Structure formats: C-alpha cells, structure tokens
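For the record, the sequence lines run as chains A and B.
Each residue of the first sequence is one higher than the one before, starting from 1 at the first, in the UniProt record's numbering.
Each residue of the second sequence is one higher than the one before, starting from 1 at the first, in the UniProt record's numbering.
There could be a bad hint or two in this list.
[Claimed, not checked] In silico negatives: residues of chain B with every beta carbon more than 10 Å from chain A: (1) Met1; (2) Thr9; (3) Lys13; (4) Thr26; (5) Asn37; (6) Lys39; (7) Ala85; (8) Glu89.
[To be verified] Simulated restraints, written as ranges between beta carbons of each label pair: (9) B:Asp78 <-> A:Pro59: 46 to 56 Å; (10) B:Arg50 <-> A:Asp22: 16 to 26 Å; (11) B:Arg44 <-> A:Asp85: 13 to 23 Å; (12) B:Ile72 <-> A:Leu92: 57 to 67 Å.
The set of hints was computed from the structure by calculation and includes no laboratory data.
This one's a predicted model, so the numbers in the text were calculated from it and none came from an experiment.
Even for Gly, the Cβ is constructed at its ideal location relative to N, Cα and C.
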Amino acid sequence: MSANGGALGPMVHARVHVLTNDGRHVVGTLRGFDQVTNVILEDCAERVYSSESGVEEAPLGVYMIRGDNVALVGPVDEELDAKLDLSGTRALPLKPIKF
Amino acid sequence: MLFYSYFKTLVGKPVTVELKNDLAITGTLVSVDQYLNIKLENTRVADEERYPHMRSVRNCFIRGSVVRYVQIPEGCVDVDILHDATRREARGA
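Chain A with its partners taken away, still in its complex shape:
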C-alpha cells in the first residue's frame, strides 16, 4: 500500500536502527521492505547492551526480519552516532514487547 510505502520508502539504502519485539537492537543498511514491515538489512550488527560492560557490536551480515517482529525502524543520524561513546554506555537491554 502506498501509505506504508511512504513510511519506510525514504529510508531505503540508508543505515537504520531496528528494534525487534524480543528487545534486540540491530543496526544495518535497509535494502528492502514490504507492506507488513518485513525488512531486509545488509551489513547489519546487533548492539548488545549490558549493565556490566559497554555496548558490544556483533556482526550479523544480511538479515531478513519478519514484519511481526519489528517494533521500530529509525534512520541512523550519522553525526550523532559518531559521537556516541558505545564502549562507555552501560544500560540494560530493552525489554521484549509484551502483547
């Protein structure tokens, strides 16, 4: 549907954050999507949060995430992202979505 196409369309080929329903945080290049928010990410990595140590980036390669597991998609602001001190960030992982 065009309404949804307007939603993720402008983000195609950009680096995006994806929060999934199980509380994971994946960053990757958005290569494709459809009307139920299935997304294809290239060069993606999971940002693993922990309260004891800094954020770890685990490389994942190409990922296809089924739409019903997608909670949020947001383009990475490269300027802000470059300034982030990931190794000094201590935070609990996001909670899973609870329906």
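Dock chain B against chain A, hints included.
Structure of chain B alone, referenced to chain A:
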C-alpha cells in the same frame, strides 16, 4: 478507519507514543497509515538515562502493533465529535 482518520488530523502535533516494551518516545507526528503505524520526527526518549539505545535516532517509524498508548496534546480531541462518530460507525452508518 475512524481512528485512522482521527490520527490523520493530529499530523504536525507533538505526541508521546508509549511502546509495549515501556519505551516512551515523544516527537512530532509526521504520518499514520491504515495499520496505525506511526512516523515521528524530532524524537526524544522520555527516560534517556535508562534507555540510551535511541540516542542517534532523530525520526522513526513505529509499527502500529507495538503501540500501547498515544498521548495527545490537550485540546486536540473534541470528545463529543469523536463520541458521535464512534456511535455512527458502530451502527454501520
């Protein structure tokens, strides 16, 4: 379709969307679609100390299925009109 139409009238207004993982995101409503997927601009997470995950996100797309609440600014809802409209829709008119 009624709430879709209603949310369309809120485009441009500041709203706070609370997700079903307790993350609350404030921003300007940019668009909404038939699934009530929401796009926000100039986003800010309510409790950034606890949720630093979104610090490099300025605008985002939120899937309608994970939205728990949408907080809307006072005065943006005419309760009487919405009340009438929901009744009319329930009647199937």
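Is B:Glu89 truly not at the interface, in the sense that its beta carbon sits beyond 10 Å from all beta carbons of chain A?
-> Answer for B:Glu89: holds, closest chain A Cβ roughly 20 Å.
Taking the shortest Cβ-to-Cβ distance between B:Met1 and chain A, state whether it exceeds 10 Å.
-> Non-interface label stands for B:Met1: nearest chain A Cβ at 12 Å, farther than 10 Å.
Cβ distance range 13 to 23 Å for B:Arg44 and A:Asp85, holds or violated = 19 Å, holds
Per the stated criterion, does the least C-beta distance between B:Thr26 and chain A lie above 10 Å, as a non-interface residue requires?
-> Non-interface label on B:Thr26 holds, nearest chain A Cβ at 14 Å vs cutoff 10 Å.
Beyond 10 Å from every chain A Cβ - status for B:Ala85 | The claim stands: B:Ala85 keeps its Cβ more than 10 Å from every Cβ of chain A (closest is about 21 Å).
Distance restraint hint 46 to 56 Å, applied to the beta-carbon atoms of B:Asp78 and A:Pro59 = 51 Å, holds
Consistency of beta-carbon spacing, A:Asp22 to B:Arg50, with hint 16 to 26 Å | 19 Å, holds
B:Thr9 non-interfacial with respect to chain A [C-beta, more than 10 Å] = It holds; B:Thr9 is separated from chain A by about 16 Å at its closest Cβ, greater than 10 Å.
Assessment of proposed distance window 57 to 67 Å (beta carbons of B:Ile72, A:Leu92) | 29 Å, violated
Interface-negative label, B:Lys39 against chain A, beta-carbon threshold 10 Å | Check fails; 6 Å does not lie beyond 10 Å.
Given as non-interface: B:Asn37, partner chain A, CB spacing beyond 10 Å = The claim breaks: B:Asn37 does not keep its Cβ more than 10 Å from every Cβ of chain A (closest is about 6 Å).
Confirm or reject the statement that B:Lys13 sits farther than 10 Å, beta carbon to beta carbon, from all of chain A.
-> Holds, since 18 Å exceeds 10 Å.
The structure does not agree with the numbered hints 5, 6 and 12 stated previously, though it agrees with the rest.
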